[in-house]
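Input sequences plus hints: build the corresponding full structure.
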Amino acid sequence: MFSASTEAAEVVLKSGWFLENAFIIPIIPALAFVLIIFFGKKMPMKGSEFGILSMLAALVMSLGAAYQWIQRVNGVSDETYVKPIIRTWTWWQNDGVSLGIGQHIDGLSITILVVVAFISSLVQIYSTEYLHGDRRYTHFFASLTLFSAGMLNMVVAENMIQLILGWELMGLCSFMLIGHWWEEGANSRAALKAFFTTRTGDIGLLVGTSVLFFAANDWTQKTLGVSGFSIRGLSAWALSGDPSSAAITVGAIALFIACIGKSGQFPLHTWLPDAMAGPTPVSSLLHSSTMVVAGVFLVARLYPVFYEGMNVYGNSVNFIILIGGVTIVIAAVLAFVQTDIKKVLAYSTVSQLGYMMMGLGAGAWLPAVFHIFTHAFFKACLFLGAGSISHSASHHSFDMKKDMGGLRKFMPITFSTWIVSTLALCGVFPFSGFFSKDEIIDNVGYAGYNFFMIVGLFGAFLTAAYMTRATYLTFFGEPRGAAAGEHHDEEHGHDAHSSHDDHGHDDHGHDSHDAHAAHDSHDDHASHGPRESGLIITVPLILLATLALSSGFLNAPAFGEKWENLKKWVEPRAEVVSVTGIAKPAGAHGETRTAALKEAGSYDSPCGSKTPVGGVCYAPQLKHAPFKWWKAGLSMGIVFMGMILSWVLCVQLYTRKNKKLVGLTERNKLLGAGYSFLENKYYLDTLYEKIIVRSIAHPISRGAYWFNQNVLDGIVNGAGTSTRKTAGWVYRNVDQKLVDGAVNGAGTTAENAGGALQPVQSGKVNQYGALLFGAAAIGALVLVIINF
Amino acid sequence: MLLNQFLMLGAVLFCIGVYGVIVRKNAVLVLMSIELILNSVNINLLAFSLRNGSVDGHTFALYIIAVAAAEVGVGLAMVLLMYRNRRSVGLDDLSEMKG
Chain A
1 MFSASTEAAE VVLKSGWFLE NAFIIPIIPA LAFVLIIFFG KKMPMKGSEF
51 GILSMLAALV MSLGAAYQWI QRVNGVSDET YVKPIIRTWT WWQNDGVSLG
101 IGQHIDGLSI TILVVVAFIS SLVQIYSTEY LHGDRRYTHF FASLTLFSAG
151 MLNMVVAENM IQLILGWELM GLCSFMLIGH WWEEGANSRA ALKAFFTTRT
201 GDIGLLVGTS VLFFAANDWT QKTLGVSGFS IRGLSAWALS GDPSSAAITV
251 GAIALFIACI GKSGQFPLHT WLPDAMAGPT PVSSLLHSST MVVAGVFLVA
301 RLYPVFYEGM NVYGNSVNFI ILIGGVTIVI AAVLAFVQTD IKKVLAYSTV
351 SQLGYMMMGL GAGAWLPAVF HIFTHAFFKA CLFLGAGSIS HSASHHSFDM
401 KKDMGGLRKF MPITFSTWIV STLALCGVFP FSGFFSKDEI IDNVGYAGYN
451 FFMIVGLFGA FLTAAYMTRA TYLTFFGEPR GAAAGEHHDE EHGHDAHSSH
501 DDHGHDDHGH DSHDAHAAHD SHDDHASHGP RESGLIITVP LILLATLALS
551 SGFLNAPAFG EKWENLKKWV EPRAEVVSVT GIAKPAGAHG ETRTAALKEA
601 GSYDSPCGSK TPVGGVCYAP QLKHAPFKWW KAGLSMGIVF MGMILSWVLC
651 VQLYTRKNKK LVGLTERNKL LGAGYSFLEN KYYLDTLYEK IIVRSIAHPI
701 SRGAYWFNQN VLDGIVNGAG TSTRKTAGWV YRNVDQKLVD GAVNGAGTTA
751 ENAGGALQPV QSGKVNQYGA LLFGAAAIGA LVLVIINF
Chain B
789 MLLNQFLMLG AVLFCIGVYG VIVRKNAVLV LMSIELILNS VNINLLAFSL
839 RNGSVDGHTF ALYIIAVAAA EVGVGLAMVL LMYRNRRSVG LDDLSEMKG
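Taken in order, these protein sequences are the chains called A and B.
Per this note's numbering, residue 1 is the first one in the first sequence, and the count goes up by one each step.
Per this note's numbering, residue 789 is the first one in the second sequence, and the count goes up by one each step.
Careful: at least some of the hints might be erroneous.
Coverage of chain B stretches by chain A, computed from C-beta distances (three or more under 8 Å per stretch; other residues unrestricted) [to be verified]:
| # | stretch |
| --- | --- |
| 1 | 807-817 |
| 2 | 833-842 |
Pulled from the structure, derived: some chain B residues nowhere near chain A, Cβ distances all over 12 Å [claimed, not checked]:
| # | residue |
| --- | --- |
| 3 | 801 |
| 4 | 822 |
| 5 | 846 |
| 6 | 861 |
| 7 | 864 |
If you are wondering where the hints come from, they were derived from the structure by calculation, not from laboratory data.
For each residue, glycine too, the CB sits at the ideal point set by N, CA and C.
And the structure:
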């Protein structure tokens with residue numbers, strides 16, 4: 001058994017067609033994108049069939065790959081390093097430098113592939129109904145498909161360059177999708193904001209990739225024969241003891257800045273809530289499985305680099321856990337002051353991403369990846385549920401206070417899927433969120449970060465409370481506004497939203513955009529009042545809710561080791577793998593393992609803590625907190641406390657209109673200040689737009705103005721004065737006496753010549769171009785002749 | 789090495805581009821033709837760079853792509869302004885400079 005584990009090369013690992021050809025998965029939607037762009041408008045379903053079919057094909061291939069990967073893992077013992085399936089082709093090569101493109105398929109990429117393909121398929125199906133009759137229907141599906149292609153490409157990427165390609169594709173497509181209804185100023189502003197904010201972080205991605213390449217390339221070329229961009233090479237290099245701590249720390253921090261931007265971590269989270277300006281299916285896709293998960297995925301993918309660079313399991317608090325912890329709380333608190341149901345969900349996403357980052361920062365790799373997995377299902381379900389409400393019940397409004405309430409009677413399916421997903425999000429046993437979120441909190445505490453464990457528990461309390469508030473406002477109490485069947489005509493609907501807009505310039509568009517876009521085709525049911533949505537909308541909701549309920553059981557340490565399937569299939573094993581580049585002392589690794597096992601009954605892998613001998617490591621040895629029921633009970637208690645407290649407050653505040661509570665923020669100065677602090681989102685937008693952008697842009701423009709006024713004008717004026725003086729002298733002495741005669745003659749000549757050349761100055765640009773090229777051609781001809 | 793073929797491709801693209809600049813009346817199409825010219829230059833640079841086995845040509849090509857992006861940005865902004873002021877993007881309407 002041990003000889004088998006030390007010589008990974010000797011172990012025969014199962015493989016299969018789906019695993020070997022997983023690189024095709026991103027190519028399918030990319031091709032579909034081209035088809036939609038060129039033929040979409042002529043197709044009977046306006047191009048959506050290409051998108052849906054491509055996503056379903058990607059889903060089938062991902063599931064096939066998942067099945068074969070599980071076979072591969074199950075075929076070997078628990079101590080064997082399961083090699084990822086790596087294939088590379090040369091993309092670009094010159095002068096000894098070459099870039100590859102290919103696939104790096106392991107448990108992590110397969111997990112995310114399945115999630116992305118599944119959610120994308122459902123979202124596309126849902127969109128056929130939700131965006132029915134939209135004026136840019138075909139383009140919407142084109143961008144949506146390319147968006148998924150970008151994410152899938154990033155997930156299968158073999159090296160950093162390919163990963164950047166997918167990453168940037170997503171940035172571009174998110175810009176197009178958020179600004180889908182760009183006619184409204186707020187929407188295009190939100191799209192620009194999303195683009196620029198993530199771009200700010202993306203600088204880190206380029207810097208980090210370059211730093212790591214130059215630091216690692218020599219080692220990876222020598223040892224593994226791969227370039228310093230390769231993910232496999234970087235992982236092995238990070239754990240090899242070769243990197244200098246400065247290089248790897250700088251590289252890891254730069255990469256993490258990119259993740260802050262993409263995954264909406266504090267302080268670059270401000271774009272995410274604004275991104276709600278896009279159509280709801282986009283929010284659902286963006287917030288569950290693509291785009292925002294990209295940052296978390298990058299950290300999980302290059303985990304050895306972050307592990308070493310950020311000193312995970314070190315004594316001090318590292319950058320990742322700090323950012324994650326801060327994000328959890330600040331985003332969760334903001335969710336309380338939102339009236340837009342989608343914004344509550346957006347802040348909830350930011351907060352959940354904080355959990356994932358915190359988990360990664362504390363060495364809880366598997367719980368964090370598992371949380372990506374479960375979160376994708378219930379968050380997609382919540383967003384699609386919000387879309388279902390606005391589509392069928394609240395007349396395209398997302399305002400919980402004005403246009404919702406009491407909807408549980410009208411929308412039983414949406415209501416029940418919403419409740420399931422909310423319970424999953426809050427982490428109630430046995431819904432999926434419990435298994436992933438509690439594992440993160442538990443492992444953070446187990447790794448010694450007690451403060452951040454309390455932050456996590458506090459976050460769980462806040463999550464339960466704000467989700468209860470949103471649920472109460474939407475589904476309970478008395479129907480209000482559109483939910484009460486109040487008839488809006490279009491102007492009225494729009495005015496109502498503009499007038500309540502009192503918290504910032506960029507808010508009002510979000511509430512009413514859906515009303516505009518899909519309105520033409522929906523006028524027929526404008527006055528019907530709330531009712532349940534059609535099957536195309538409810539079936540995806542039911543599927544997602546089922547998974548939100550059940551996906552947690554894939555990795556449920558609560559029921560014993562047998563249930564920890566994801567740990568077995570996904571977590572890379574911290575084994576020393578022998579490579580040709582490193583001379584292997586005879587039997588060294590196997591013997592230490594055997595000796596350690598004999599002596600202490602346990603074996604600690606050297607990966608991550610010591611320099612590996614006789615091979616390389618691809619993953620650090622991670623700790624796993626043992627599951628304790630009392631801990632689960634404690635966090636359950638906190639969650640229920642949050643729910644009950646919030647419920648009682650909601651009933652008092654929104655239904656009973658308790659005089660002591662209503663208007664408290666107006667009466668109490670301190671509370672009022674806190675409320676407006678939150679309502680202005682900690683003034684971060686003000687800071688970025690008014691202070692940072694102005695303080696950079698204004699001095700530059702002022703300096704340029706000063707330079708223009710004083711220096712350039714001075715030179716020009718001085719030159720002018722001296723020229724005038726000289727000219728006067730020349731005029732008196734030379735011009736009058738000597739030149740006049742000549743000039744008169746020349747003048748006549750020039751006039752004649754000008755008259756002859758006048759037709760050339762036709763004012764026609766094409767003609768100027770033709771003259772330019774003609775002259776250049778003559779010049780080239782002359783050169784050729786001279787060179788003969 | 790298919791140097792000749794690459795150079796031929798570059799030359800053909802260049803000629804198409806020049807033809808477009810001279811003949812087309814639509815400002816957007818002229819901008820596109822200019823892109824063709826720039827990219828034909830890129831192809832030449834890449835072909836020679838591959839033949840000489842140096843990355844210089846690639847680097848230059850990347851520069852050209854960046855410059856071309858900036859150029860299109862400015863160009864399209866001009867076209868947009870033109871359209872706002874005159875409701876047309878025809879180059880024939882812009883002949884105030886007629887002597």
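For each hint, the structure was consulted:
| no. | hint | result |
| --- | --- | --- |
| 1 | 807-817 | holds (count 5) |
| 2 | 833-842 | holds (count 4) |
| 3 | 801 | holds (14 Å) |
| 4 | 822 | violated (9 Å) |
| 5 | 846 | violated (6 Å) |
| 6 | 861 | holds (15 Å) |
| 7 | 864 | holds (16 Å) |
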